[in-house]
Each structure stands twice: as structure tokens, then as C-alpha cells.
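Undergrad: These protein sequence lines are chains R and S, in that order. For the first sequence, my numbering gives the first residue as 1, with consecutive numbering after it. For the second sequence, my numbering gives the first residue as 1001, with consecutive numbering after it.
Watch out, some of these pointers could steer you wrong.
Unchecked claim - With the C-beta cut set under 7 Å, the calculated list includes, among others, these residues of chain R facing chain S:
#1 T30
#2 F76
#3 N104
These are computed hints drawn from the structure, not numbers from a lab. It should be emphasised that the depicted structure is a prediction, and the values quoted were computed from it without experimental measurement. Glycine is no exception: its CB is placed at the ideal position from the N, C-alpha and C atoms.
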Amino acid sequence: MKKEQVEAIKNDPNFQELVTKRSTFAWTLTIAMLVVYFAFILTIAFNPSALGAPLSSDSVTTIGIPIGIFIIVFAFVLTGIYVRRANSEFDDLTAKIKKTAKENE
Amino acid sequence: MVAKIFLFLSLSMAMVYASGALEGEVEQQPLNMSAIVMFLLFVGGTLGITYWAAKRTKTAKDFYTAGGGITGFQNGMAIAGDYMSAASFLGISGLVYLKGYDGLIYSIGFLVGWPIILFLVAEQLRNLGKYTFADVASYRLRQTPIRSLAASGSIATVILYLIAQMVGSGKLIQLLFGLQYEVAVILVGVLMILYVTFGGMLATTWVQIIKAFLLLSGATFMAIAVMAHFDFSFGSLFATATEMKGIEIMSPGGLVSDPISAISLAIALMFGTAGLPHILMRFFTVGDAKEARKSVFYATGFIGYFYILTFIIGFGAIVMVFKNPEYLDLAKQAVSGGSPILGGNNMAAIHLSHAVGGDFFLGFISAVAFATILAVVSGLTLAGASAVSHDLYASVIKKGKADGMAEMKVSRYATVALGIVAILMGIAFEKQNIAFVVGLAFAIAASANFPILFLSMYWKKLTTRGAVIGGSLGLATAVMLVILGPIVWVQILGNEEAIFPYKYPALFSVSVSFIGIWFFSITDKSDNAAKEIEAYEAQFVRSQTGIGAEGAVDH
Chain R
1 MKKEQVEAIK NDPNFQELVT KRSTFAWTLT IAMLVVYFAF ILTIAFNPSA LGAPLSSDSV
61 TTIGIPIGIF IIVFAFVLTG IYVRRANSEF DDLTAKIKKT AKENE
Chain S
1001 MVAKIFLFLS LSMAMVYASG ALEGEVEQQP LNMSAIVMFL LFVGGTLGIT YWAAKRTKTA
1061 KDFYTAGGGI TGFQNGMAIA GDYMSAASFL GISGLVYLKG YDGLIYSIGF LVGWPIILFL
1121 VAEQLRNLGK YTFADVASYR LRQTPIRSLA ASGSIATVIL YLIAQMVGSG KLIQLLFGLQ
1181 YEVAVILVGV LMILYVTFGG MLATTWVQII KAFLLLSGAT FMAIAVMAHF DFSFGSLFAT
1241 ATEMKGIEIM SPGGLVSDPI SAISLAIALM FGTAGLPHIL MRFFTVGDAK EARKSVFYAT
1301 GFIGYFYILT FIIGFGAIVM VFKNPEYLDL AKQAVSGGSP ILGGNNMAAI HLSHAVGGDF
1361 FLGFISAVAF ATILAVVSGL TLAGASAVSH DLYASVIKKG KADGMAEMKV SRYATVALGI
1421 VAILMGIAFE KQNIAFVVGL AFAIAASANF PILFLSMYWK KLTTRGAVIG GSLGLATAVM
1481 LVILGPIVWV QILGNEEAIF PYKYPALFSV SVSFIGIWFF SITDKSDNAA KEIEAYEAQF
1541 VRSQTGIGAE GAVDH
């Protein structure tokens, strides 16, 4: 890519919108995943018995089981949320940026 | 008729750490005919695919990336296949069988890296790279030093991983099929060389997809059979399991005890996954960033589903295998008491397959376990060979002037060489304690490969000097701390106390790497550094938009 082309794309409002929106979104989801996972792993490190509490008085199933399964499902759902928005909104913006770049060539 | 088996598994943490291995002495088993027939069917089918793929593998791009024409769904399945190695199937279900809840903690650690790879790495990688992750790391930095370092990191990771897989496969096959250890290792090595040299990435990917499908189907069947036994009530499955093994299996049991180990393990798993060369390479097999994203979505779904299955399988084994006289290792019980099962705890899933589906299903699961090993070593070898041919030969030695055909030839030679190295190492390490090997591979991937890759994408001020010095420091720290840690220093070298007290060095080695890269970059005032910083803008635009990125080829 030539320097002028890089500058032109960088000044394209669509590009700025894409970069801001995507990085905010990606980092928000990353932090959400990290918070959930580290809350889990640090609970195990500092207070493991919290996860060993039974779901009800007559059950052997502990609260840790649904929490663990929840984290697996949560990870999958987060990827789904990201892909959904990226494949529509972000890809539309990218297509616009590419079109403008082509016209300016 | 059950032969005596002496398999003393030391189910240490590092073994289950990723795709650990079976250890200790294994006595050969009688030939298992149904397993062998099903395995031969798999080998026949995959060699057919290799023949088909070989005719379509004409250029270097075909060889490295299957022409870039794999769909997101197929690639997601292949990524999941790379991740669901035989040892992660047997190791995690074995850990659940042994410790219950602790097995789930491990599974979660392996999974959470995936969303982060998607959010921060996948698209950028696809937009910037061609065949290897070193393409991205060296995009605006000096080719020779960065490629050399990235290739060293890749080859080290691949060889360590291969050793673990080869030793594990030799023992597993000896146990399941009744083949001699050396024969098993040579068989795996030769088949893998055939797949990769002739079929390249296309054959490797399809072998991986088929195996992932078989493994998921087999595990699903086992989990359903277990749940059917309990009228699909988790409550009664857990209640019966705790009657057998006690209530402790329902809560965290101290595998991850102190905060430093917990955080260090988390970092190793997350950053290590994002630095494994054979996984990163898969992102170049899809057509564009959109397909790259979809692959991670599907991969995360398959892997998460698989871990939920292994959890059910582990608990199923507690109920149906534990204390079942059919699977009891009488010889071992006579020596050490308790209720040891034949072949050790990592055989829990294998015995369960027999308990729920008889000899036929046992044969199926054994064949799938063998197929899994083959597929995983093929992916690893291809990644290692690409580092040799694309990074070292084409970029470092030929300074980017090698023609595609010569490069492809070199990668085929490299595949054969790596295959031979893997066979020899597999035989040499037969009786060694290799529990640390996969842990070391993950530590290197997290400390050397990942920081350079990540900062090259996100940090403008990264310079060649910073990347080379910081990455090398991270690599050296990881290797040193593993050697000084409890597994190598105490268990293998027989010293009294570990100099470095933690099993997982990642927290320290990754920090050293990032700090080293940062410091030696910001203090780099050379003209070259200024140019590299200036080149960030163009790289950033391409990484965000994909303008100028490698496209797919039509066949």
C-alpha cells in the first residue's frame, strides 16, 4: 500500500468508526471473559469451599457444577455475539472502506 | 482373558496439562481384532483422501493452506480436532474419574483462551499473514532475526509436543492393539509422513475433520449411554458417583491451590493456546477474516461440548468402571491396595466404552484414539515443516527469493526429517518421565511466540531489537524455570527441593518477555526502529480492513 492510500483510508470516517467500534467491542468482551474466568479461578484458589456448597439440602450436586457449565456456555455465547456483530455491522463498514479506497485509486 | 498390565501412571498435573502422555511400563496386550479392522478402515479412507488431496496440491499455497479454500465450519472442526488430542480425551476424562470436579476446572482453563483469540487475534492474523504466524510478526520488522526467532519458537513447540504425542501413542497402541511399542511409533510416524508430504494441508485438514467427527460421535454415544442409565438425571448420576467415591468429588480438590499457581496456569493456557504454531496456521486456510471468525465460533462450540461430554464420561466411569471386577487390576491391587483399574486412570474412558458398548464399541473408541493421535501429529508436523521451509529456507536463507516449487520441496524434506526425528525421539523417550514436556511446549508458546505476535499487531513502538531480545529472554526464562521447577528438578533429577517452587512458569516468563520487549523497544533509537514504527500505520490499515490480504484460490 502506498503512503497516500494509507493516509486516505485512515482519514475515512468509516475507517475511524470501524476501528473505534470494533476495538471497544472486542476489548469489552475480552474483559468480560477474563473477569468471569479469573473470578472462578481465584475463588478456587482462595475459597474453594464456596463452590462446594450443595444446591439444596437433599442434593449432592454442588453449586460449582452449574457455575462451571455456565462458564463453558458463556465462552461460546460470547464468540457468537462477536461473530454476529462483526459479520454484519463491521463487515459492512469494511466493504464501504474498500469501495472508497478503490474509487480513490 | 485379560493380560496383566503394569502401567504406573503418575497423574501429575502437567500430564493432563494439555495432551500429556501415558507413562511407565506397559505390557503388551493380545491383538484386538475389532479395533484393528476399524483402524484399517480409517487408514484406508484417509490414505484415499491423501491421494485425492495430492492431486490438488500443486503450489506452495496449496501445500501450506489448502489453497485458502477451507470454510469456517470445516476449519472450526479441524481446529477443534487439533485441540481434542487423544491425551486430552483420555487425560481429562481420567482426571474427572480420579478427582471429579477438578477435571472440569482444567477443561474450563483450556476453553477460555478461544474467545480471546477470536476478539483480539484471529482476524488480524488472517489479514496480515500468508502461511505462518512469523509472516505477521515480521510484517514490518527485519525478516532475518524475527523469522529465525519465530521459527525456533515454532520448531521447539512442535518437537516437544511431538515427543509427548509419540510416546503417548506408542503406549496407548501397545495397550489397545497389542502392537509392539517400536512398531506402533514407527507406524504413526510413517503414516503421518505420508499424509503430510503428499497431501499437505488439504489432507491434514480432512484427516482432522473426520477424526473430530468420529471422536465427537463416539463421546456423544458414551455420554448418552451413561445418562440413559440414570434416566437422564444428573442428580442421580452424581448421587451414585458420590456413593462410590465420596462427596469430595463434587467440589474443588486442591489441584489448583495457591493463587500464584492458579494465575500462572491460567496465563499458560490462554496465551499458550494463542501461540501454538499448528493452531495459528489454521487461520490461513480460510478465505477471509469472516471465515476466520466463524472458525473460532464453531471451534469453541465443539470444544466446549466435548469438555461437557468428557465430564459426563468421567462420572460415568466412576459408576460403571470403578470397583467393577472386570476392569480391576488385580496385580496392582495386590501390591498397593485400593481399586486400581487396568492401564491406569487414563484408561477410564476406554473401559467405559467397553462397559456401555461391548467389544465392538471398545474397538471403535480404540481406533478413534489411534486416529486422533495420527491427526494431531500430522498437524504438528506440517506446522514445523512450514517454519523450516517458509521462515528459515525461503525468508532467512533465500531472502524471500525462493520460488514456490523449491520451497514446497524443502517443506516435504522437512516433513520427512521431522517424522524421523519424531520416531527416534519417541523411541528414545519411551522410558523417560515426560510429564513436563507439554507444559514446556505451552510455556514456550506463551512466552516467546505469543508476546511477539500480539505486540506486533497492537503496539506501534515495537522494534526488531525489542522483539528479539524480549522474546529470547521469555524463551530462556520459560526453559530455565521448567528445569528448576518441581517436575524436572525434583522428580526427574532427584533433587530434594525445587529451586523454583511453581509447576507453571508462565506468569513469570510471560512477564519477562513483555517487559523485555517493551524496554528494548522504547530504548531503540536507531534509524531502522524509526522506519519500523512508521510502517505500523500501513500494517494497521491492512490488519483492520484486509485490503491487500491474501485471497483464496479457486480449484
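Undergrad: A separate judgement is required for each hint: does it hold in the structure or not?
TA: Against the structure, the hints:
1. T30: Nearest chain S Cβ about 5 Å off; hint holds.
2. F76: holds, 5 Å
3. N104: It is violated, given that the least Cβ distance between N104 (chain R) and chain S is near 12 Å, above 7 Å.
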